[in-house]
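Asker: These are the residues of each chain, in order.
2 protein chains.
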Amino acid sequence: MKFEVTILGSSSATPIFNRNPSSQVLNINERLYLIDCGEGTQQQMLHFGVKASRIDNIFISHLHGDHYLGLLGLLSSMHLNGRTKPLNLFAPAPLKEIIDVQLKYSETVLQYPINYVFTVPDKANVIFDNQDIVVESIPLDHRIDCTGFLFRQKKRNRKLLKDKLEEFNVPIEYYTALKKGVDYTAPDGTVYKNETLTSAPEEPKSYAYCSDTIYSESYFKQISNVDLLYHESTFLNDMLERAQSTYHTTALQAGQVALKTNAKKLLLGHFSARYKTLNELLDEAKTVFPDTELAVEGKTFVIEY
Amino acid sequence: MKFEVTILGSSSATPIFNRNPSSQVLNINERLYLIDCGEGTQQQMLHFGVKASRIDNIFISHLHGDHYLGLLGLLSSMHLNGRTKPLNLFAPAPLKEIIDVQLKYSETVLQYPINYVFTVPDKANVIFDNQDIVVESIPLDHRIDCTGFLFRQKKRNRKLLKDKLEEFNVPIEYYTALKKGVDYTAPDGTVYKNETLTSAPEEPKSYAYCSDTIYSESYFKQISNVDLLYHESTFLNDMLERAQSTYHTTALQAGQVALKTNAKKLLLGHFSARYKTLNELLDEAKTVFPDTELAVEGKTFVIEY
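Sequence lines, in order, name chains E and C.
Residue numbers for the first sequence follow the numbering used here, beginning at 14 and rising by one.
Residue numbers for the second sequence follow the numbering used here, beginning at 14 and rising by one.
The following block holds chain E by itself, in its conformation from the complex (with noise of 0.2 Å):
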């Protein structure tokens, strides 16, 4: 099953040359969850061939505006591209005083729903449940109520091995039990072992995004063990009283997160304008844990094992 995320922009605050505001696409079997979305996302799926019609879910972590101010744009063309299936918006219940009003100066009626589910910035929560995934919102600690979010695959069925069924004439009517992983006795009362007629499913992956927040372990329990960890280092650590006065995380950080709560993977994102070039940002976090890339515009990474 397709696990891969997108990067749309990798820029805090202020745009700077090809650098944009925050926004990630998230493709989970198919299906594309979108988070944040800075000023000029759209163009940037534009630019990306990322089709916002295949979007029914977006998170948007707080409301500062370099993580939402491209929502309305984009909401905006969803409805003169005569979309009418139902979108769900994870967000801070503000958002939607933000939505309305602008709708309303433009009298614009959306031609179709939008379901907000409201983040709440002092304890996760289950947020969103499909056949594919469960969504977790993580508590930050930013200068405004944030959350980050956490996207785990759910344990799927064991795989039926088809010869083995034909060879064991195993009847169509015990398939499901056999995918929960039961065991098949035979009219004759052989006992089949599962593992004789189903493989392991592959595991589940997890996907966590901490977007804006000062270095805190309030939330490293529960970003244990993922499999891929995308977290803010908007400095790098000369910098870590500016971070800690504006309630970022620095690089050298970001590693110390990533290696702390066992991360498989790191990437870094949500870099100040004044680093033009990123490779310091990079190699700070590196020597803390190795496995770390930069979440920059256009890069795509797959969760693999």
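Keep in mind the hints are simulated off the structure, nothing from the lab.
The model shown is predicted, which means the values in this text are computed figures rather than measured ones.
Some clues are possibly wrong.
Any copy, or any two copies together, can satisfy a pair, since identical chains are not distinguished.
As the list claims (entries may be wrong) - DSS-like cross-link-like pairs, simulated, lysine-lysine; straight-line CA separation at most 30 Å:
| id | residue 1 | residue 2 |
| --- | --- | --- |
| 1 | K206 | K109 |
| 2 | K109 | K98 |
| 3 | K289 | K98 |
| 4 | K168 | K273 |
| 5 | K136 | K289 |
| 6 | K15 | K168 |
| 7 | K136 | K117 |
| 8 | K312 | K192 |
| 9 | K206 | K289 |
| 10 | K15 | K167 |
Assemble the complex: chain E is given as a structure, and chain C must be docked to it using the hints.
Answerer: Frame of chain E; chain C shown alone:
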């Protein structure tokens, strides 16, 4: 005196490929005036080297998203980049509410003041006046309240001919009167005609920006004889009915506006996303008004005679 316009966005409603929503920057005597501010305007400014710090006046025609959704990001970047000098914002009154609600929830207090001048849609008004120009709002006819903007250079003083002033020993205290066109009478009674001592200034130039409107003669008188007319041309004329039902103009009609108002030159813009290339729009307008160009991203048009 410099008088030129650079196009930052040419698209209507939804962005497409390399076409961004409406925005333009006027450079008049090295002062920059931003007109409309669609999503991604600040990124376009970075791309084309337009410094936000040089902009003190922003004009927003109306509150459809493709004309203002880039504004909050730009205001925010100005704040983060240390701006303290006031910004004048000419726009429909509800824009203040839209800005204020977003600043409230991001807990941002801008470090510079915004002076709002609210436009009214039903009457042409002088809304700005400085040493170089006068700006009038142009009542347009769109689905929601919408004004265009007419920028007129002020008539300048006549230019002193230094060699003639020396030749005829004209005392310095007469210079101000000479610049206004007054003749000089010497102590011996000799009258020197003003034209002998001064030369004519450049003719004042004018630029009309007609953003979103149905074809309507109601504003023709106000914009007559401009040096450069920017007019929306969302559709080809084979979509006239659609243009009328959405309160837009066709390329053919834009040509007719330029012809009937005696514009010196016409710029077409605000192109529907359905047109992958723009030649047909240009050709259609030229059948009526030959001196027409496409207002596409990155192009600068110098307003000359």
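Asker: Does each hint fit the structure? Answer for all of them.
Answerer: Going through the hints against the structure:
1. K206 - K109: Neither way: K206 and K109 sit 54 Å apart in one copy and 70 Å across, limit 30 Å.
2. K109 - K98: within (19 Å within a copy, 32 Å between copies)
3. K289 - K98: Between copies only: 27 Å across chains, 41 Å inside a chain, cut-off 30 Å.
4. K168 - K273: within (25 Å within a copy, 70 Å between copies)
5. K136 - K289: Neither. Shortest intra-copy (36 Å) and inter-copy (48 Å) distances fail the 30 Å Cα cut-off.
6. K15 - K168: within (14 Å within a copy, 67 Å between copies)
7. K136 - K117: between (33 Å within a copy, 23 Å between copies)
8. K312 - K192: Answer is neither: 36 Å inside a copy and 62 Å across each miss the 30 Å cutoff.
9. K206 - K289: For K206 and K289, neither the intra-copy (59 Å) nor the inter-copy (61 Å) Cα distance is at most 30 Å.
10. K15 - K167: within (13 Å within a copy, 64 Å between copies)
The earlier numbered hints that this structure contradicts are 1, 5, 8, 9.
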